[in-house]
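Protein chains: 2
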Amino acid sequence: MSATKKSSSANTSKAMGEFDLIEHFFKEGAAKQGQDESVSLGIGDDCALLNISRNNHLAISTDMLVEGRHFLVGADPHWLGRKCLAVNLSDLAAMGAKPVGFTLAIAMPSVNAQWLAEFSKGLFEIAQEFNCRLIGGDTTAGPLTISITIFGEVPPSKALRRNQAQVGDDIWVSHQVGDARLALGAMRHEWSLTESEMKSVSQRMHNPSPRVELGQALLDVAHSAIDVSDGLLGDLTHILSQSNVCAEVAIDEVPASDVLKSKSIELRRLCTLMGGDDYELCFTAPAENAEQIEKISIQLDIRLTRIGKITSSKTTRDTSGNLAGVLRLLDQEGHELPPELSSQYLKSFDHFK
Amino acid sequence: MSATKKSSSANTSKAMGEFDLIEHFFKEGAAKQGQDESVSLGIGDDCALLNISRNNHLAISTDMLVEGRHFLVGADPHWLGRKCLAVNLSDLAAMGAKPVGFTLAIAMPSVNAQWLAEFSKGLFEIAQEFNCRLIGGDTTAGPLTISITIFGEVPPSKALRRNQAQVGDDIWVSHQVGDARLALGAMRHEWSLTESEMKSVSQRMHNPSPRVELGQALLDVAHSAIDVSDGLLGDLTHILSQSNVCAEVAIDEVPASDVLKSKSIELRRLCTLMGGDDYELCFTAPAENAEQIEKISIQLDIRLTRIGKITSSKTTRDTSGNLAGVLRLLDQEGHELPPELSSQYLKSFDHFK
Chain L
1 MSATKKSSSA NTSKAMGEFD LIEHFFKEGA AKQGQDESVS LGIGDDCALL NISRNNHLAI
61 STDMLVEGRH FLVGADPHWL GRKCLAVNLS DLAAMGAKPV GFTLAIAMPS VNAQWLAEFS
121 KGLFEIAQEF NCRLIGGDTT AGPLTISITI FGEVPPSKAL RRNQAQVGDD IWVSHQVGDA
181 RLALGAMRHE WSLTESEMKS VSQRMHNPSP RVELGQALLD VAHSAIDVSD GLLGDLTHIL
241 SQSNVCAEVA IDEVPASDVL KSKSIELRRL CTLMGGDDYE LCFTAPAENA EQIEKISIQL
301 DIRLTRIGKI TSSKTTRDTS GNLAGVLRLL DQEGHELPPE LSSQYLKSFD HFK
Chain A
1 MSATKKSSSA NTSKAMGEFD LIEHFFKEGA AKQGQDESVS LGIGDDCALL NISRNNHLAI
61 STDMLVEGRH FLVGADPHWL GRKCLAVNLS DLAAMGAKPV GFTLAIAMPS VNAQWLAEFS
121 KGLFEIAQEF NCRLIGGDTT AGPLTISITI FGEVPPSKAL RRNQAQVGDD IWVSHQVGDA
181 RLALGAMRHE WSLTESEMKS VSQRMHNPSP RVELGQALLD VAHSAIDVSD GLLGDLTHIL
241 SQSNVCAEVA IDEVPASDVL KSKSIELRRL CTLMGGDDYE LCFTAPAENA EQIEKISIQL
301 DIRLTRIGKI TSSKTTRDTS GNLAGVLRLL DQEGHELPPE LSSQYLKSFD HFK
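Note that the protein sequences, when read in sequence, are chains L and A. According to the numbering used here, the first sequence is numbered sequentially starting from 1. According to the numbering used here, the second sequence is numbered sequentially starting from 1.
If we strip away everything but chain L, and leave its shape as in the complex, we get (with noise of 0.2 Å):
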């Protein structure tokens, strides 16, 4: 649960997305609780904390994928194994903590054994390739709907949050965004890919590589982390939020891949910037870690790009939801969007639209 905005009353809901949703009726009542000494995290981060260990903290996040909404309607049930999955550990990494468990509860509108089997195997793949094991679950009747609550390990006051970003500190993405989105807008026909630059890029949908490692790697060395699961401003806009503070991204050096790269500059803009699913990690660092930074991303062989910097505190809360002020797109020549086009990529990804 992840929540930015705050919303002033019930009578406002009509209007409600998701991320107000969960403010008004989860974040609310979960305040409402008070204090207690073994939750160290609840709501709104990729995971919550239970301070139950003396040596670490167990990062929990849970995660509901629906068909038709979070996957395509018969999609390949070893990738969706793989991918419902991948996308727990993802939360995990974005907090720095070294997968434990999960648990996996499923609605399947008959039992289709084949399909199970398929399944199963993509699941266990991936949790083998982790080190997670499965720990418990429920499976009933139902649309198909797949619910995956995962557990990890991180030594406490080390974990990576949302709102420990700091003036000063750079922005970074991990190897490159946007194939997911360009996959999918080829599928549902708003452009055409050759079928080669389609086996490339929709790997990258059906089977997206966790930052777990990285995550671990980065405890030390960022300030704040999130993974890019819905766009990567629009999950970027999160940390500033939560850590209350302004920032600018250039907006063509976001990494992309090679078959991204030789499209239009809107088509990568809007697949790079806005794309989502594409579960690498964004996260901010003091700029004189850049160069442990490059270690890492040497040591790991995986691609780190800055992209920004953190420019400025917040002084007062922007409780209208509008980004323009918090976050300023800067192109090639290091000039500003202007503020329509600015505004049309700072639209945040919502299931309910």
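Derived by calculation from the structure, the hints in this document are not laboratory data. Among the clues, some could well be false.
The list makes no distinction among identical chains, and a pair is therefore deemed to hold if it is satisfied within one copy or across any two copies.
[Unchecked claim] The list that follows gives simulated cross-link-like pairs (lysine-lysine, DSBU-like), each with its CA atoms no further than 35 Å apart: (1) K261 to K309; (2) K98 to K263; (3) K199 to K263; (4) K199 to K314; (5) K314 to K121; (6) K261 to K98.
Starting from the known structure of chain L, arrange chain A on it as the hints suggest.
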């Protein structure tokens, strides 16, 4: 996840029920993951246990509730909010665990503020009653589906498992069972109830009472426990299968409400033995602990009734799924029920049927 029967091969899976499914695809895969010190109990009980604390184990359970299957279409959202956490608290109760927190993943067809307000009110009400905090979640669009993962603490090696019933143990059940099924049947016009009868019994369906305190009180007293969610006999057979023991139950000793006791013996037996949705605890304990159990009953003001005994160990594992040899059902005179009647009561609940 729970699993009682072994399936011989993937080829038999066409006729698989819920338990087989889980066994085949998930438990087998989980077993292949090998041992891990941090997972002290995985799939197969009410909760999984993570050994990440020196002082306590973390008990984790997950459930998925689907509209039209686990609750009626158009169900009152306030009651639903209470119930969806209650059924998970009941899983903690069955392990003797103290609630810590839970995550909520929910898919909804559209954003209905009034529904959400009432749902979250019910949810937080019961969360507060049991000191169990919402610590994370996910919200998305989709057919109404609610998945909760709950966490509780339990002293190491003390959790009430399903596989520790011993020969000579008494079998107990808390409060009374069958009212939820009696109410459901009336709603479905399987039988009729007066308005006052319906009012009295339907509360048990809408607003079950998870036996969290009782579970904790039984930690050093009972050998095994399960919560009655899918029908008393079906759930008891999970204990018998996993403990590899046989039992007898005096079926007319099973405690029922005054309303249910006023009905025919057939209806009473159907509701108490196969009802489901009761969320009482069924547990086994050494005969010499009976006095202590009576004291707990008085202390917590919860009726506890002895309904049978663990009679013998099973020397060979019955892989046919035939439970008649495992659980003997006795009538008021202590006579065993005829096999055709007995087998009728031993049909377990399956969410895919």
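Checked hints:
1. K261 to K309: within (23 Å within a copy, 72 Å between copies)
2. K98 to K263: This pair counts as neither: shortest intra-copy Cα distance 37 Å, inter-copy 56 Å.
3. K199 to K263: Intra 16 Å, inter 66 Å, cutoff 35 Å: intra-copy only.
4. K199 to K314: Neither, since 44 Å and 56 Å both go past 35 Å.
5. K314 to K121: between (48 Å within a copy, 34 Å between copies)
6. K261 to K98: Classified as within; 34 Å inside a copy, 54 Å across copies.
In summary, the structure is inconsistent with hints 2 and 4 from the numbered list given earlier, while agreeing with the others.
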